[in-house]
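There are 2 protein chains.
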Amino acid sequence: MSRPRQLHLNAFLMSTGHHEASWRLPESDPYATTSIEHYRNLARIAERGRLDSVFFADSPALWGDIGRRPSGSLEPTVVLTALAAATTRIGLIATASTTYNDPYNLARRFASVDHVSGGRAGWNIVTTATLAAAQNFNRDTLPSHAERYARAEEFLEVSKKLWDSWDDEAVLADKASGTWGDQRLLYPAAHEGEHFQVAGALNVPRSPQGHPVLVQAGSSEDGRAFAAAHAEAVFTAQQTLADAKAFYADVKQRARRAGRDPGGVLVLPGIVPVLGATEAEARELEAELDRLIVPEYAKDQLARQLGLDPSELRLDAELPEHLPSEDEIEGAKSRFTLIVELARRERLTVRELIGRLGGGRGHRTFTGTAEQVADAVVEWFDAGAADGFNIMPAVLPSGLAAFVDQVVPILQARGLFRTEYTGTTLRDHYGLARPANRHGRSRVDV
Amino acid sequence: MSRPRQLHLNAFLMSTGHHEASWRLPESDPYATTSIEHYRNLARIAERGRLDSVFFADSPALWGDIGRRPSGSLEPTVVLTALAAATTRIGLIATASTTYNDPYNLARRFASVDHVSGGRAGWNIVTTATLAAAQNFNRDTLPSHAERYARAEEFLEVSKKLWDSWDDEAVLADKASGTWGDQRLLYPAAHEGEHFQVAGALNVPRSPQGHPVLVQAGSSEDGRAFAAAHAEAVFTAQQTLADAKAFYADVKQRARRAGRDPGGVLVLPGIVPVLGATEAEARELEAELDRLIVPEYAKDQLARQLGLDPSELRLDAELPEHLPSEDEIEGAKSRFTLIVELARRERLTVRELIGRLGGGRGHRTFTGTAEQVADAVVEWFDAGAADGFNIMPAVLPSGLAAFVDQVVPILQARGLFRTEYTGTTLRDHYGLARPANRHGRSRVDV
Chain C
1 MSRPRQLHLN AFLMSTGHHE ASWRLPESDP YATTSIEHYR NLARIAERGR
51 LDSVFFADSP ALWGDIGRRP SGSLEPTVVL TALAAATTRI GLIATASTTY
101 NDPYNLARRF ASVDHVSGGR AGWNIVTTAT LAAAQNFNRD TLPSHAERYA
151 RAEEFLEVSK KLWDSWDDEA VLADKASGTW GDQRLLYPAA HEGEHFQVAG
201 ALNVPRSPQG HPVLVQAGSS EDGRAFAAAH AEAVFTAQQT LADAKAFYAD
251 VKQRARRAGR DPGGVLVLPG IVPVLGATEA EARELEAELD RLIVPEYAKD
301 QLARQLGLDP SELRLDAELP EHLPSEDEIE GAKSRFTLIV ELARRERLTV
351 RELIGRLGGG RGHRTFTGTA EQVADAVVEW FDAGAADGFN IMPAVLPSGL
401 AAFVDQVVPI LQARGLFRTE YTGTTLRDHY GLARPANRHG RSRVDV
Chain W
1 MSRPRQLHLN AFLMSTGHHE ASWRLPESDP YATTSIEHYR NLARIAERGR
51 LDSVFFADSP ALWGDIGRRP SGSLEPTVVL TALAAATTRI GLIATASTTY
101 NDPYNLARRF ASVDHVSGGR AGWNIVTTAT LAAAQNFNRD TLPSHAERYA
151 RAEEFLEVSK KLWDSWDDEA VLADKASGTW GDQRLLYPAA HEGEHFQVAG
201 ALNVPRSPQG HPVLVQAGSS EDGRAFAAAH AEAVFTAQQT LADAKAFYAD
251 VKQRARRAGR DPGGVLVLPG IVPVLGATEA EARELEAELD RLIVPEYAKD
301 QLARQLGLDP SELRLDAELP EHLPSEDEIE GAKSRFTLIV ELARRERLTV
351 RELIGRLGGG RGHRTFTGTA EQVADAVVEW FDAGAADGFN IMPAVLPSGL
401 AAFVDQVVPI LQARGLFRTE YTGTTLRDHY GLARPANRHG RSRVDV
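Chains C and W, in that order, are what the protein sequence lines are. Just so we're aligned, residue 1 is where the first sequence starts under the numbering used here, counting upward by one. Just so we're aligned, residue 1 is where the second sequence starts under the numbering used here, counting upward by one.
For the record, the hints were derived by calculation from the structure and aren't laboratory data.
Since copy identity is lost for identical chains, a pair holds within one copy or between any two.
Computed list of lysine to aspartate or glutamate pairs in EDC-like fashion (alpha-carbon distance at most 20 Å, straight line):
{"hint": "1", "residue 1": "LYS175", "residue 2": "ASP29"}
{"hint": "2", "residue 1": "LYS175", "residue 2": "GLU288"}
{"hint": "3", "residue 1": "LYS175", "residue 2": "ASP65"}
{"hint": "4", "residue 1": "LYS333", "residue 2": "ASP250"}
{"hint": "5", "residue 1": "LYS175", "residue 2": "ASP290"}
{"hint": "6", "residue 1": "LYS175", "residue 2": "GLU27"}
{"hint": "7", "residue 1": "LYS299", "residue 2": "ASP182"}
{"hint": "8", "residue 1": "LYS299", "residue 2": "GLU318"}
Okay, chain C solo, but in the shape it has when bound (with noise of 0.2 Å):
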């Protein structure tokens, strides 16, 4: 009975993939950003590989210039609610802001997508570091990362509430008495805090999952104590194995250290494989994907990421010695870092650094045969620097196939992946109880 510890696998989707140029292969879809049935088939994939899960990003705003690359996307609780119904077993894991919603309506939109779902859904929490989003929400500026943070706390503290409302057993059907429901197995929310109050019970019964699986995808001071506190997994962008196993045993201490069971937080590193029948042939698709990138988009967007002028920015020389320090960065603060140490580790020019995000936006690709490939991804597994990994495909649906036909295989062989589902929700598949009703199921008697 001494299973090895099991791989996680998640496919993090993006219309033709995660290589910014991947569009314009001849294999490509351009207009997969609104087909739903682009990301059926990239689901049903996905399922075929006895993969955990889904997951789209997202953020409420139009972002860069659309001359770029594939740009806008269908609203993501929409998208899984669509791939529902083409699945029947995977995960499907959704991005939402909590700057820029609702507690009321997103929680029940999530508890909807778990019901539709038979218990399938994820929340992606995300408190959206965007100016852009924020014009499109009342505001003239992008709200303060400690001000998005709190914010988010509250929202969460919220949502359980709003999700433990109704206890599990709140429905009585009790036809030949006329009582559908008992009033008194409801737990209104009755909150009053600094950024909601939100008074009533949600409108929808219990879902499958108690509560939506919680993922978080920050990896800053804030981000990581809110992990700790809330986070069943961490999507994260780690560049190195030190780096990695450094950020793994952090999340799992502060797990520790609040309370939680270090098993219950999941930390899924982002990887971008670019598969070959040979190496050769995996650097070759790799360097032909470089090569389609049109440098002026990328580099207009990576003076942005950094706090720059576009015109400050030279192609074929190194970042400027002296940049904002990540204080004066109210974006994506640990994605600037990241930058900025792998320009420098390395000394890439800006075009050479391009090239690197513009493959996968700074998570670690891995480029090689299958047999490599899952190697990689063993040896991060088995040095503690990660739970299992959201797999990026630099191109879609071409690169996910080969993941899953290729390298899902070679990790079954190894006793590390599953072969077939063993449960039917998301919580199953990541091995994760079912959150207990906080009300507890006993009746107050009236």
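Knowing the structure of chain C, use the given hints to seat chain W on it.
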């Protein structure tokens, strides 16, 4: 080529049916509220009858005592998306509140449903007239009727700007040059108003229908003005043919005065068909349902709608002589007036009134054989009281199946209703034009 004017039929779906006691029938699934399979089945029945659309009411609050009847419901845009996957032609309409949403999020969600469904989305625009909802969104009191409608007006203005923020030809998908979209064919909302500041373009390209079909359901003065300005279909509750004709004429007249084609605003009164093989059988079903009502629950709700304390109502007496005036009601004004007029006109006791309202919450009930119901439908249609109907079966799914299998064939035989879909979008079914983009397609050269 003189095809008679065609009926439009929409199925208004609600758990086990519109009669509050429908869930107590042996045939009913008391867990229907959270069963997407239940709704898939209903949508397929409606599509089998070639109905124009299915529709879901909604409010962001849990309402009343859950003892009374199935309570709470899946978030309706989630439901529409699930039904899009289970059907191919039928239109999909959901209610959403302008008072408790942000336009950027909601405009995007409906555009997404329109993409996912291939152009079948409709939005029933409501301002949400309950205190319980206000108290779930940081408020102590219900915003006034005027304030809600002022916000709704601006919400629609912003939504339309967002839906027009991508030219239909903005996506170039030019792989050779590496240009995905033409940034010059984006038109950011740049909205600065009293309730909303929204800077950007929507983060999803223009949808198949341009924007969802806009539906409105309030019959107050503010509601009618709003309908004349924006609605492409109007749902309404009318008890008598005379009232329905007056309402119909008023809406068409207002649309004309607003410079719109009155044919572009469909008026669809709600009707509750109760069908039997004989009239006696239909009356027996209706009586059985009324006998299953638990009157205490219904009395509490009626008191709330009338702005009274429940102790002021006695089951076997008529309504009290002195009631608030419509002006004092901040909730659903037109519903208040309809209830009071119905009770006064027919001198109903509270118990009788509850029976009448319990069947369909104030909508007209047609009880009888399929021929009798078809005759009633045609009478209202021919008299200029309706462009079609919002069908509200007392019991689901059986009442919808009966309407589709028994009444629809009669209407088809009389040449008044399609026997096959002739288009693929909800606009096709309703005979509505796809709205042109306000910015036209002319490029702005830079």
